[in-house]
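Sequence lines, in order, name chains A and B. Heads up: the first sequence at position 176 corresponds to 176 in the numbering used here, and the numbers run straight through without jumps. Heads up: the second sequence at position 223 corresponds to 223 in the numbering used here, and the numbers run straight through without jumps.
Don't read these hints as lab results, they were simulated from the structure. Careful, some of the hints might be misleading.
To be verified - Only pairs whose alpha carbons sit at most 27 Å apart, straight line, appear in this in silico DSS-like list of lysine-lysine:
#1 B:Lys-180 x B:Lys-207
#2 B:Lys-180 x A:Lys-183
#3 A:Lys-120 x B:Lys-363
One-letter residues, chain by chain:
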Amino acid sequence: MNDLKTKIIKSFSNGLAVWIIIALLTITASLTSKDFATLGNVNNYLGQTPFLIMGTCGMFLAVIAGQIDLSIAALAKITSVLVSGIGNGDENKFWLAVLLCYAIGIGVGLFNSFLIVKLKVPAFVATLGTYSILEGLVLAYTNRGIGSIPGNVIVKFYDGVGPFPVSFIVVIVILALLGLWLKKSRLALRLFAVGGDPEVARRSGVASGPVITASMVLCSLFAVSAGIIQVCRAGVGTPTTGNGLELAAITAVVLGGVSLMGGRGRLVGAIGGAILITLIDNSLNMIGVSQYSQGLLRGAVIVAAIAVFVSKRQQST
Amino acid sequence: MSSRSSSSANHPVGAEEGSSSPLLSTRGVSKSFSGVPALIDVDFDLYPGRVHALLGQNGAGKSTLISILSGVLQADSGEIVLSGESRNFSTPREALDAGIVAVYQELSLLPHMTVSENLFLGIEPGKLSVLDRKSMSDQSTEMLRSLGAEGIDPNALVGTLSLTSQQIVEIAKALIRNAKVLILDEPSAVLGDDELELLYNLIAKLKATGIAIVYITHRLDEVMQIADEVTIMRDGRKVITTDRANLDTESMIEALVGRKIATKSAPKWINENRPVSGEPILKVSNLILPGMKGKAMDFDLFPGEILGLVGMTGSGRSRLLRTLAGLAFPTSGQVSIDGKPLRIKNPRTSIAAGIVLVPEDRKRMGLVLDQPIGSNIVLSIVTRLSRITWIPDSVVKKLSNDMLQRLSVKSTGPSQIVRFLSGGNQQKVVIGRCLTTKPRLLLLDEPLRGVDIGAKSEIVEIVSEIARNGTAVIVVSSEIEDILALTDRLFVMRDGEMTQELTGDHANEAEVLRATVGVTHE
C-alpha cells in the first residue's frame, strides 16, 4: 500500500503521472462522447494546445531558474495586437511585425532580469509590475480587435498532415529542440544548478546573474511565440487574447511535477500539464458540461492532482 | 612524546626559504565584523603533501580564516601568498581557479543533480556550450576510481547517496578542479567512525600526490591520528603552530583554553543557593532521543536548579531541548513535570505543562521580527489572554512594560519593532515571551550567542533570578565560558547519551573540553 503510494508520488515528480491522467481522461471522453474522437475535434484540440504549451515552456525555464514570470500573458497579448495591427492583412508587414515582437520579447526579458538580478526585486513582484506596464501599453494601443492576419498565413496554420495542424508540428519541433537543449547545453545544466541552490552554484564558480537573465529572456521569447500562435488561430488580435496564460502555465508546470522552489522538474511533465489542462477544457465542452460548472470541475481536478504532489514534498523534507 | 620530534618534525615551524617553501600562506590577515574583530594578525602556512589541523573553540576564528582563504570573505588587511605570489581573492571563483577548494560541513552539492553534473558544475567540458556528457561521465568514473570509490555511479542523483559518498563526491569535485589546497571543514561532525576511517585513507592518498590539506576538527584523537602539523587558534588569534609530534592532548587543551581561563571557576552563588530539596520539577526516565542510538537517559531537575548541557554539534544537546519542548518526538521514555506525566505532542502541550524553549535561532524561531515588542511578548499566551477574540491593547501594554522593566530591555516601548533592537535586547524579548507563560522549566538553547558582553552579564543575571524564583532551567551552549557563567552542574553529551556529569570544581573549562573531546582523565 505504502509502496504503491510512493510509486505514484515518484511518478508525479518524474512528470509521468500527468500523462497517465491524460490517457485515462482521453479514454473516458472518447467513450462518453461520440464527438470527442472525431477528426474534426482532434484537429481542433491539437490546434488549441500549442498556445499553452509555448507559455508553459517559458514558465518552465523561469521556474527552473528559481524565478517566476507573471508578464507572459501580457506579452502574448501585446504580440497579438501588434502582429495583427501592424500586419493588417499584408504578409510582408506581418513577418516584419513578428520580428519586431521578438525584439520586444528580448527587451521585456532583459527588463525583468534587470529588476530581478540588479535591483534584487523578487521575480513575483518584478514581473507583476511588467505585466501591468504591458497591459497598459496594449490598451493604449487599442481597446478592441485590431487589424487582421493575412489569409494565406491562417491557411498555413490550419493546413496539416492528417489531424495534425502545421502549428502543432512546428511546436513539436520546438519542443524537441528545447528538450535537446536542456539535456545537452552547458547553460541548461547551470540553469538547474542556480535554481537548485544559488549559493552552491556560486561556490562552484557559476554566477547566477547571467543564468537568470538567460532564462527570463528565453521565457519572454516563448511568450511572444504563444502570442503569434494564438493570433494566427484567431485571425485578429484583441486585448483579451491570452488572458490567464500566466496562471494556466504555472498550473501546468506544477501539475507536471516541477518544483516551484526551482532546480527540479522535467519538461515532459510540464508539457503534460499543459496538455492536460487543454484536454480537461476540451472534454468538458464535448461532454456538454455547462460553462459555469467547467471552472469548478477544472479547479477540482487540478487541486486534487496538486494535493498529491504537495504531500510528497512535505514527506521529503 | 617530544622524543619523536626528529628532523622532519621541525621543518614547517621555522621553515626558511628552501626546498620546501609554503604553497599557501597568510601574512598578518585580520578581519572584523561590524567592528568586532574575528581574526587578528594571523600568519598561517600550508605545505604541499601535509595535513595541517586547525583547532579552536567556537568563535576562535577558524571559519573566518578558511572563508578568506577560499574567497568567500575578504580580509580587511594582510595578504594571501600563493606559491610566492601575493593574491587576494575577491570571489570563490578566483580561489577555485587558483586551486584552493573548501569542503564545507553543509555540503555544497546539488542533491537533485547527478554525480557527474555536480563534479563538473562551472567547468563543464564541451565545445561551443554543448556539453560533452560522455567525457563528463568518463572522467567522473576515472576520478572516483582513483579515490577508491568505484561503487559510486556517476549518473546517480547525489541526494540518493550516503553522507560518506557525498563527502567523497565533494572531494572529487575539488580534485577535478585541480585542487592544490583542500580545506576540510570538520568532516567528523557529520561522519561516523567507519566512514572517517575511509576518509583518512583517502587523505593519505591525497597527501601522496602533493596536495596541502587543512583539516578542521574539534576531536583531538583525530588530530593525533592524521595531522602533520597543528595550528591552534583562540579569540581570533593564532596561539601556536607546531609539528604534531610536539603536542599531546594535554598541551592542546591547554592551548585551546588558555592558562588564565583554565583556573577561573564558576560563580559561587549557585553552589550555596542550589535548593535541591523537595520534589523534582522534571523527571526524565529511559529517554531515547529521536534518531539517536545511545543509552537511555535518566535525570531529575529540582526547583531553582540550572543544568548545563555540553557536547559537540550533533551530540543531541539541542535535540533534548527540542524534545522536551514538543518539537521532536522521543523514540522511547517518560517525562513528567511536577509529578504529572507529559505527553510530548506539540509545543502547545509542552507550554501548557510549563515547559518553554528559548530557541537557538532567535531571529527565525524565537521572534516575529517585523512585529512590535508587545505582540511578541504576548504571543505565547494569546489564548490565555483573549476573551473570545479580543485582546485589549492596555493588557498587552501593561504586560510588556512590566516585562521590559523586569528584563531592563533598552527600547522605545512596547510598540517598537523587534527587528530594530540589538541582539541582546532581542534575546531579552524572547525570554520575556517565555516568562509570560509562567514556566516551571525554562529551556535555553545558545542564549548568549550573538549578544554583546554587557547584555551577556545581564542575561546571566536574569536567568539566575528566574532560577532563584523556583523555576528549573536547562542551558545548552557551545561556548564553555558562557555555560560556566550560568551553572556549575553540567552533563556531557555524546552521540545522544549523557556520558558524564561534572559538578563543583570539576566544572571548569579544561575539564569540559577534555570530556567533550573524549579524553578520559584518570
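Each hint, compared with the structure:
1. Annotation: proposed proximity of Lys-180 (chain B) to Lys-207 (chain B) holds, straight-line Cα distance about 10 Å (limit 27 Å).
2. A distance of roughly 32 Å separates the Cα atoms of Lys-180 (chain B) and Lys-183 (chain A); the hinted pair therefore is violated under the 27 Å criterion.
3. The hinted pair formed by Lys-120 (chain A) and Lys-363 (chain B) meets the criterion: a straight-line CA distance of about 22 Å does not exceed 27 Å.
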